[in-house]
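Chemist: Keeping their order, the protein sequence lines are chains U and P. Residue numbers for the first sequence follow the working numbering, so the first one is 1 and each next one is one higher. Residue numbers for the second sequence follow the working numbering, so the first one is 1001 and each next one is one higher.
Hints may be right or wrong, so weigh each one.
Derived EDC-like pairs (lysine to aspartate or glutamate); straight-line CA-CA distance at most 16 angstroms [said to hold, decoys possible]:
1) P/1207 <-> U/72
2) U/208 <-> U/24
3) P/1285 <-> P/1143
4) U/227 <-> U/15
5) U/257 <-> P/1264
6) U/227 <-> U/24
7) U/207 <-> U/114
8) U/227 <-> P/1143
9) P/1207 <-> P/1143
To be clear, the hints were calculated from the coordinates, so they are not data collected in a lab. Nothing here was measured: the structure is a model prediction, and the numbers come from that model.
Next come the chains, spelled out residue by residue.
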Amino acid sequence: MASANVLVCVKRVPDSTEEVVLTEDAQAVDGRRSGFTMSAHEECAVELAVQATASTDGQATVLTLGEAEAVEQLRNALAVGCTAATHVLGDPFAFGPGDVAREIAAVVRDHEAEGRVHDLVLLGNDAADSGDFQVGIRLAYELGRPVVNGASTVEIEDSADGPVVVAVGEGPDGQETYRVALPAVVTIREGGVEPRYPSVPGRLKAKKVPIEERQPVSEPTGPGRVKLVLPPPAPSAVQILGEGPEAAPAVVDLLEKLGVLTPGKVAP
Amino acid sequence: MILTLVETDLEGGAIEVSLEAVTFARDLSAAGNGVPVDAVVFGDVSDDLRGELAAYGVRNVHRVAGDGVAAYSGAGWASALQSVLDAAGSVVLMAAGTDRGTELMAHVAARTGASMAANVLSFSGLAPFIVTRQVVGGAAMEEMKLHERPAIFTVAGHAVEAKPADVSGAGDVVEHTPTVAPEDLLAAVVSTTQPEADESGALTSAKVVVGAGRGVGGAEKFDDVLELTELLGAALGVSRVVTSAGWRPHHEQVGQTGSRISPDLYVPCGISGAIQHWAGCSSAKTILAINSDAEAPMVTRATYAVIGDLHEIVPAINAELRNRGYGA
Chain U
1 MASANVLVCV KRVPDSTEEV VLTEDAQAVD GRRSGFTMSA HEECAVELAV QATASTDGQA
61 TVLTLGEAEA VEQLRNALAV GCTAATHVLG DPFAFGPGDV AREIAAVVRD HEAEGRVHDL
121 VLLGNDAADS GDFQVGIRLA YELGRPVVNG ASTVEIEDSA DGPVVVAVGE GPDGQETYRV
181 ALPAVVTIRE GGVEPRYPSV PGRLKAKKVP IEERQPVSEP TGPGRVKLVL PPPAPSAVQI
241 LGEGPEAAPA VVDLLEKLGV LTPGKVAP
Chain P
1001 MILTLVETDL EGGAIEVSLE AVTFARDLSA AGNGVPVDAV VFGDVSDDLR GELAAYGVRN
1061 VHRVAGDGVA AYSGAGWASA LQSVLDAAGS VVLMAAGTDR GTELMAHVAA RTGASMAANV
1121 LSFSGLAPFI VTRQVVGGAA MEEMKLHERP AIFTVAGHAV EAKPADVSGA GDVVEHTPTV
1181 APEDLLAAVV STTQPEADES GALTSAKVVV GAGRGVGGAE KFDDVLELTE LLGAALGVSR
1241 VVTSAGWRPH HEQVGQTGSR ISPDLYVPCG ISGAIQHWAG CSSAKTILAI NSDAEAPMVT
1301 RATYAVIGDL HEIVPAINAE LRNRGYGA
């Protein structure tokens, strides 16, 4: 089949396994102590982009909008099989979801003008930090393309009318399948694929890939953020029932008190 | 008018979080000189649903049907929502923060050029309209201005308690059969398959959930935890570490990128309580943590805890449950 090119969009986000710390102006999450990572949904989007392009002999390009340090996330995606990278330099907390969508659309159009068509654009369903849940959908409208939201797998197939993307995800009533003609946009939710770990040769190769650096094409209108706030620290009110297996009777006493047990036959 | 998308379950009843969203809409109406609260429903509106929404203070139930919305498509359904909005002249469009509710609000926002706020917890002030919403999986909050009309947002699950209104609404059904443009139907669901029985929504609706995390120590070490799950008639939920390591399937994952649960009792075993996980289990009414680290966030945030090796504690609890005649 014809080769399909995929653009996968990722975001450098503070690692949220640790306590969240805000910057002094309360406009951003300060990740300097916790470290940074890529949103979990996007790790899966990168894996799907690599698989989809490998199966069709196409190119997988990774894109981010972020500060200079976000090059780390681009290199990580290159190390697992992406073949090109574009970095739009900017402070992601100053960009609203509509702004980000406009910047991605500008990259897609500029690449297309150079003869690099991105048949499929993959994004995460939502970013782990800002949680806006809308960049992919807004991008689709910017580009005038159809969009599938929250798929966990995508495959590119040939059809009588040209290449289609088959996207599968969980809907409210079961597993839903979409078949959409390319070009299209799909946002990805974690769970359908296992992201691969970068190999040492993969990391070495990634270091040599030139990264296209760009400035944003327009001034961001912003996210409408007044400020970020942290929930007040809740004092621990935990009641320790005991230590070790000796606590078992106290646990079952509690379960009885909570009324969550149903008497049944004792198993042999 | 405030328009709230109400989602229904397979039996045609309103889902709990949609009733929470209608309750939120009423609070907003009360603050805004009693603007009417309307609901919009795709598909059938039974007398029971109409009655329930009336009891929640809903004036009109806008029922959307027709070929254009027969199969789900984000753009198609959003275009239908837009036509209801235009016909009714709504100043607010909102939904519960479900996957579908969030997707549809994002579509309408993109189509109208308005902003959208996901997972709103509360509002403070109407002019300007400022909402507080969850970010970082609920570990932080953002105060956000929604400048445009309609103001579009989703309500975070369990941000408010669903409560019928003091004064019922009329609950009159208004029929809509919007025409949907072909370009809005390019990405529509072509087939839906029912999940396997053990992969169904059992986790999100379970009254008791037993959790398992890194502390379990390996795919082959789940027997005790699974036995406890069975003895309690509970569902098993696991942390991201467990699914990333391939010990258990992803559909059992609880957290920011998994299921969000709200059981009466959650029993996390060997789960430290990282933000990613807490985002999915913080709505549990009671938490009984079993952990070797008394300082782990899951322990300090729990209602009750037992400190020690879960592989000693869980079998002892299982034995005690059997001794007292519990479990099938």
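Chemist: Each hint: holds or not?
Modeler: Right, here's what the structure says about each hint:
no., hint, verdict
1, P/1207 <-> U/72, "violated (43 angstroms)"
2, U/208 <-> U/24, "violated (37 angstroms)"
3, P/1285 <-> P/1143, "violated (26 angstroms)"
4, U/227 <-> U/15, "violated (20 angstroms)"
5, U/257 <-> P/1264, "holds (13 angstroms)"
6, U/227 <-> U/24, "holds (11 angstroms)"
7, U/207 <-> U/114, "violated (24 angstroms)"
8, U/227 <-> P/1143, "holds (5 angstroms)"
9, P/1207 <-> P/1143, "violated (33 angstroms)"
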